[in-house]
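Student: Below are the chains, spelled out letter by letter.
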Amino acid sequence: MISIIQYFPVNLSAIQSQHMVLAVTGYSVVILAFFLLALLFSVIPKILSWNVRRTFKDEGDETKKALAGNMIPGEVSAAIGMAISLYLDELHDQETAILTIRKVGKSYSPWNSKIYNVINFKGFQG
Amino acid sequence: MDGLVQLFGYSGFANVTPGHLLMILVGMVFIYLAIRYEYQPILLVPIGFGILIGNTPFIEHGGMALGIYQDGSVLNYLYQGVLKGIFPPLIFLGIGAMTDFSPLISNPKLILLGAAAQFGIFMTYLGAISLGFTNPESASIGIIGGADGPTAIFLSSRLAPHLIGSIAIAAYTYMALVPLIQPPIMRLLTTQKERRIKMKPPRSVTKIEKVMFPVFGLLLTGFIAPGSLPLLGMLFLGNLLKESMVTKRLADTAKNAMIDIVTIILGVTIGASTQATTFLTHSSVLIFILGATAFMFSTAGGILFAKFMNLFLSAENKINPLIGAAGVAAVPESARVVQLEGLKADPDNHLLMHAMAPNVAGIIGSAVAAGIMMSFLL
Numbered sequence: 001m002i003s004i005i006q007y008f009p010v011n012l013s014a015i016q017s018q019h020m021v022l023a024v025t026g027y028s029v030v031i032l033a034f035f036l037l038a039l040l041f042s043v044i045p046k047i048l049s050w051n052v053r054r055t056f057k058d059e060g061d062e063t064k065k066a067l068a069g070n071m072i073p074g075e076v077s078a079a080i081g082m083a084i085s086l087y088l089d090e091l092h093d094q095e096t097a098i099l100t101i102r103k104v105g106k107s108y109s110p111w112n113s114k115i116y117n118v119i120n121f122k123g124f125q126g
Numbered sequence: 001m002d003g004l005v006q007l008f009g010y011s012g013f014a015n016v017t018p019g020h021l022l023m024i025l026v027g028m029v030f031i032y033l034a035i036r037y038e039y040q041p042i043l044l045v046p047i048g049f050g051i052l053i054g055n056t057p058f059i060e061h062g063g064m065a066l067g068i069y070q071d072g073s074v075l076n077y078l079y080q081g082v083l084k085g086i087f088p089p090l091i092f093l094g095i096g097a098m099t100d101f102s103p104l105i106s107n108p109k110l111i112l113l114g115a116a117a118q119f120g121i122f123m124t125y126l127g128a129i130s131l132g133f134t135n136p137e138s139a140s141i142g143i144i145g146g147a148d149g150p151t152a153i154f155l156s157s158r159l160a161p162h163l164i165g166s167i168a169i170a171a172y173t174y175m176a177l178v179p180l181i182q183p184p185i186m187r188l189l190t191t192q193k194e195r196r197i198k199m200k201p202p203r204s205v206t207k208i209e210k211v212m213f214p215v216f217g218l219l220l221t222g223f224i225a226p227g228s229l230p231l232l233g234m235l236f237l238g239n240l241l242k243e244s245m246v247t248k249r250l251a252d253t254a255k256n257a258m259i260d261i262v263t264i265i266l267g268v269t270i271g272a273s274t275q276a277t278t279f280l281t282h283s284s285v286l287i288f289i290l291g292a293t294a295f296m297f298s299t300a301g302g303i304l305f306a307k308f309m310n311l312f313l314s315a316e317n318k319i320n321p322l323i324g325a326a327g328v329a330a331v332p333e334s335a336r337v338v339q340l341e342g343l344k345a346d347p348d349n350h351l352l353m354h355a356m357a358p359n360v361a362g363i364i365g366s367a368v369a370a371g372i373m374m375s376f377l378l
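Protein chains in written order, with my numbering: chain A, 1 to 126; chain B, 1 to 378.
The shape of chain B in the complex, shown without the other chains:
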């Protein structure tokens, strides 16, 4: 009889709390959004399932070493890749091998939109300070505005490891919700006439330019913000593997098998790190609110900067300000949103290729912003 009582004591039924049930519900919502609406399924399915794993209740002091925060547990070992900032650079290697920088090289002035859209990072940093977060915590929260999950994880692993779970979940949630967050801001800040602006088709880009871009891009950004080297070094290496055309096998591995493996482990461990006992706090709620604000400011920053650039451009070189919204690094979701919004204004106006330029620039921009934050705060 004692054995049965002990067995029950170790079971989830004896250890469940309302927090666990709430987080299990959140995990199920993530999985539902991913499967039903295909909102970033590659990320939300592992994260959602990770939330279920992390919030299946168990006796935490039973010596079984099960939880992600318990030394010696399997999940804890996998989580080291997040805590030590190992996974984000590996994901950047894969992203680099997948990304075509041609739209950006063909029209270099659009790079500036990727920089302008980092506005939300710095505004949210100030917002977090005003809400009582410390300097490093505020910087880690602000980086959510870059709309780049790996960068957010990387920076918070360096500056505020105790907030990684909340920050990563907020970043990935809002990245998945880009189609809902961005369009109202885009319509609010642009006129119908501006949304109809047709841009010149991009010119073709030579191979030598494509090869030079990762080399010079790394040197320039690395010299200015060395803190971003682990991320941008791998991003540009991946891109060079792709564009050089002589390392096809390496590029294929980086953009397929490797990034898939890392994404699965990263997603599951980030999800599992949301154990109700450590995740459901006042700070997490504030981080979610600040994250949403960061996204909105970043979107607005990109759009307004595009309008500002139009003041100096000739009529035939005008930029459709909608593409400024793609300056956040949610690739390619925000570029798709721009394309759809452009089509609503004018069914013949295809902005996807133009929007990809600030979109890929946003990846670099958020990493540079993270590097600058690290230079200031470490």
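Isolated chain A (complex conformation):
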């Protein structure tokens, strides 16, 4: 045990007032900086939604309530996102279906013959 203490010689008297000042001030400044950042970003959404709220001030209570916190709830966003995604996916399927209709080329050659076309058609299907 003694050898461990000798290996890790903790000397609390080495911590002087200047070190305490750095530690306490430093930590306080970090908290203060973040407090200001939190305050700023609590206010910004309210400022941004001020114009919207004014536009809708004559709307019903439900709209006012929804706008009061300037927020679209996460569930609503998710539902809207899902609806858009499904809609776009549907369009994509249609588009793909059209684009996949390929023209089968039957180019003429001096050696054009029935057997040439059969081989070419098989190649497309494979």
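Since the hints were derived computationally from the structure, they do not count as laboratory data. All C-beta atoms, glycine included, are put in the ideal place defined by N, C-alpha and C. Zero decoy hints are in this set.
Over the 12 Å line for every Cβ pair with chain B, so calculated as not near, a few chain A residues: (1) 53; (2) 54; (3) 83; (4) 85; (5) 86; (6) 87; (7) 88.
Computed list of lysine-lysine pairs in DSS-like fashion (alpha-carbon distance at most 25 Å, straight line): (8) B/200 <-> B/318; (9) B/255 <-> B/207; (10) A/46 <-> B/200; (11) B/207 <-> A/46; (12) B/318 <-> B/193; (13) B/318 <-> B/109; (14) B/109 <-> A/46; (15) B/307 <-> B/318; (16) A/46 <-> B/318; (17) B/198 <-> B/344; (18) B/210 <-> A/46; (19) B/198 <-> B/318; (20) B/307 <-> B/200; (21) B/207 <-> B/248; (22) B/200 <-> B/210.
Here the structure of chain A is known, so what remains is to put chain B in place on it, guided by the hints.
Tutor: Chain B in isolation, oriented as in the chain A frame:
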């Protein structure tokens, strides 16, 4: 015959020491942890392999300029990026381009947890002073508690360049070991009832808020702690590249190719800087112990501050104190740990999105703490 003797003299077999073998073993353990358990493999594989490179023995005074500490060697040139503090801001640019600050913007009070979790930095600073380290050395060791490798490297490159290797290895090791270090502290400081607290789902965030965050975030933190500008300037620039949606190519490069290149070079050189002849010292052992302490204090600081905030919050706005542990900047590992611990208490309680808020705030917090340390000590 003389030629053969000379060849043997230059070989690793003639120059190997027990220290080299020990460090080679450490490097292999890093690689094993990364591949077998996937503990931060992106960092631990290059660092572990760097340790092997740095500790393959060779004759140091043979004029071959091989080692990382020898002027003119290739490794020494690459290491300048660490010593001059060039790599950390570049990594921050990539992190900024990867990070989504929405969880934090949607619930700004959670930012405070990212600040509170810097507690370990300042406690460990005092601990290092009491163990006989100098003021700048103590600050560099303390920053390990921010759980942010680039910030630790940046600050120690400025304040204590001779300790960079030990500090970086300690920081990255403990970041990889977050899943082992944090859960016991989380369980110790919270009750089962607290761990079951369900938080309100975060609101959606508008694009304009996302664009404003890096601009105002930089100005506010930069004015308070200008020392953090190289790190936070690049972090917020990366984030603006991402959120503005008009610089997609730049954002893609920053978050993919560029950060990967820098991570490889940084990892290898940090690993190689652990040459047994300079790394295996009494100081390195103390730094490892202090680093672990810093992590524990930071985790505890975040959790206790969340409990303190709950004293002032209404029942529906209560914070699950587990997310305070994510205030350390080990992104996203500590947020994942919070999610897993939350699920253990209540299988329906998903805390990941909430934990990401203090987690990304922790990146900013550790950089601000580093800036403040620099303002005091430079």
